[in-house]
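Engineer: If you want the building blocks of each chain, they are given just below.
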Amino acid sequence: MFPKLDPILHSELRLAVVSILAGVDEADFTYLKTRTGATSGNLSVQIDKLSSAGYITVEKGFKGKMPRTTCRLTPQGQQAFADYVTALKQYLSVPKD
Amino acid sequence: MTAQQSLSLITETLNNSRKEITRGGGKYFILWGCLLTLFSLLVYCLWKTTDKAAWNNLWFAMPVIGFVLERIIRRKDAAGRVQNDVSRILGGIWASFGIFAVAVSAFTVIYTQINPNPLGTIAVVVGLTAEIVLLFGLAECISGVALKNWAIRIAGLVTDVGGLIIYYVANSDKEQLLIFTFAGIVLAVTGLIMKNQKK
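Protein chains in written order, with this note's numbering: chain Z, 11 to 107; chain L, 354 to 552.
In isolation and in its complexed conformation, chain Z is listed as follows (with noise of 0.2 Å):
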């Protein structure tokens, strides 16, 4: 029996935010922007799901005058990245037919 993978992590953009912040210890939004190639609108969606879920932290504040979001991956977000990982995994190690 195949372990259930995260719905929330199981979309390309949210696992490339949460890949990314896995290997930092935080990142703002015009960085994770420049990393995914996505748009905008569509990263701000994604980044909102991953905090709504508790996976992420976003702060918003300034960097001098220049209004600044900083994403960081919480406690939970490590835990859900490295059983996501865990469960590809043994997907993965199956072998085949």
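It is possible that part of the hints are untrue.
[Claimed, not checked] Partial list, derived from the structure: chain L residues whose beta carbon lies under 10 Å from chain Z: (1) Met-354; (2) Gln-358; (3) Leu-360; (4) Ile-363; (5) Thr-364; (6) Leu-367; (7) Ser-370; (8) Gln-436; (9) Asp-438; (10) Ser-440; (11) Gly-444; (12) Thr-465; (13) Ile-467; (14) Glu-484; (15) Asp-526; (16) Asn-549.
Note that these hints are calculated values from the structure, not bench results. Treat the numbers as computed from the prediction; the structure is a model and nothing was measured. Don't be surprised by glycine CBs; every beta carbon is placed ideally from N, CA and C.
Based on these hints, arrange chain L on the given structure of chain Z.
Structural biologist: The following block gives chain L in isolation, referenced to the frame of chain Z:
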């Protein structure tokens, strides 16, 4: 998305994050490499022309200028720069090296003023230049290990071996300064390799 595609996406993203940090570090290698090259040549030329070892005090201006320039670059980079454990380790390695190099050099200058050595300056007796260049190459090599980058590890080794060859071949204290010119060029070239790493 299939499981294979998901795993590939995760692997690629994590690898890209590491490359991004390597590329980001490249400009600091270039900055310090250029400063080291310029200062070593400047001190060498002034010392050779005037025959006054006091020009070596100019070295103490290098970390000050470097620190200011680094702050300017960091401020410009703020939006596109991220931090993680690797970048913190890199910062720690080079800060430790910088503190060591400045502290040992300052100690040498002060000690030489207070207690002149009949065998020559204490810098010559303890092989200060060789000591610093060895640590410099070691810091570069450890940076390569942290970044999992062979070019940087090899550059560290080249700095150490090349630096020691110049140290033993050099005929005078003045010529030994060219070790730092060599180390600076290697550091700047390594920075260029890091900065132009493929995405």
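Engineer: For every hint, state whether the structure bears it out.
Structural biologist: Each hint tested on the structure:
About 6 Å separates the beta-carbon of Met-354/L from the nearest beta-carbon of chain Z, less than 10 Å, and the hint is met. At a threshold of 10 Å, the smallest CB-CB gap from Gln-358/L to chain Z is about 8 Å, leaving the interface hint in force. Among the interface hints, the one on Leu-360/L holds; its C-beta lies about 5 Å from the nearest C-beta in chain Z, closer than the 10 Å criterion. Here the hint on Ile-363/L is kept, as its CB sits about 5 Å from the closest CB of chain Z, short of 10 Å.
At about 9 Å, the closest approach between the beta carbon of Thr-364/L and any beta carbon in chain Z falls short of 10 Å, and the interface hint on this residue holds. Here the hint on Leu-367/L is kept, as its CB sits about 5 Å from the closest CB of chain Z, short of 10 Å. Because the smallest distance between the Cβ of Ser-370/L and any Cβ of chain Z comes to about 4 Å, under 10 Å, the interface hint for this residue holds. For Gln-436/L, the suggested interface contact is upheld, since its CB lies about 5 Å from the closest CB of chain Z, less than 10 Å.
Hint on Asp-438/L holds. Least Cβ distance to chain Z is approximately 8 Å, under the 10 Å limit. The interface hint given for Ser-440/L is met, as the beta carbon of that residue sits about 9 Å from the closest beta carbon of chain Z, less than 10 Å. Checking Gly-444/L against chain Z by beta carbon gives a least distance of about 13 Å; that is not within 10 Å, so the hint is violated. Hint on Thr-465/L is violated. Least Cβ distance to chain Z is approximately 44 Å, over the 10 Å limit.
At a threshold of 10 Å, the smallest CB-CB gap from Ile-467/L to chain Z is about 46 Å, leaving the interface hint violated. The interface hint given for Glu-484/L is violated, since its Cβ lies 35 Å from the closest Cβ of chain Z, which is over the 10 Å cut-off. Interface hint status for Asp-526/L: violated, as the beta-carbon distance to the closest one in chain Z is roughly 45 Å, over 10 Å. For the restraint placing Asn-549/L at the interface with chain Z, the shortest Cβ-Cβ distance is roughly 18 Å, beyond the 10 Å limit, so the hint is violated.
In this structure, the hints that do not hold are numbers 11, 12, 13, 14, 15, 16, in rising order.
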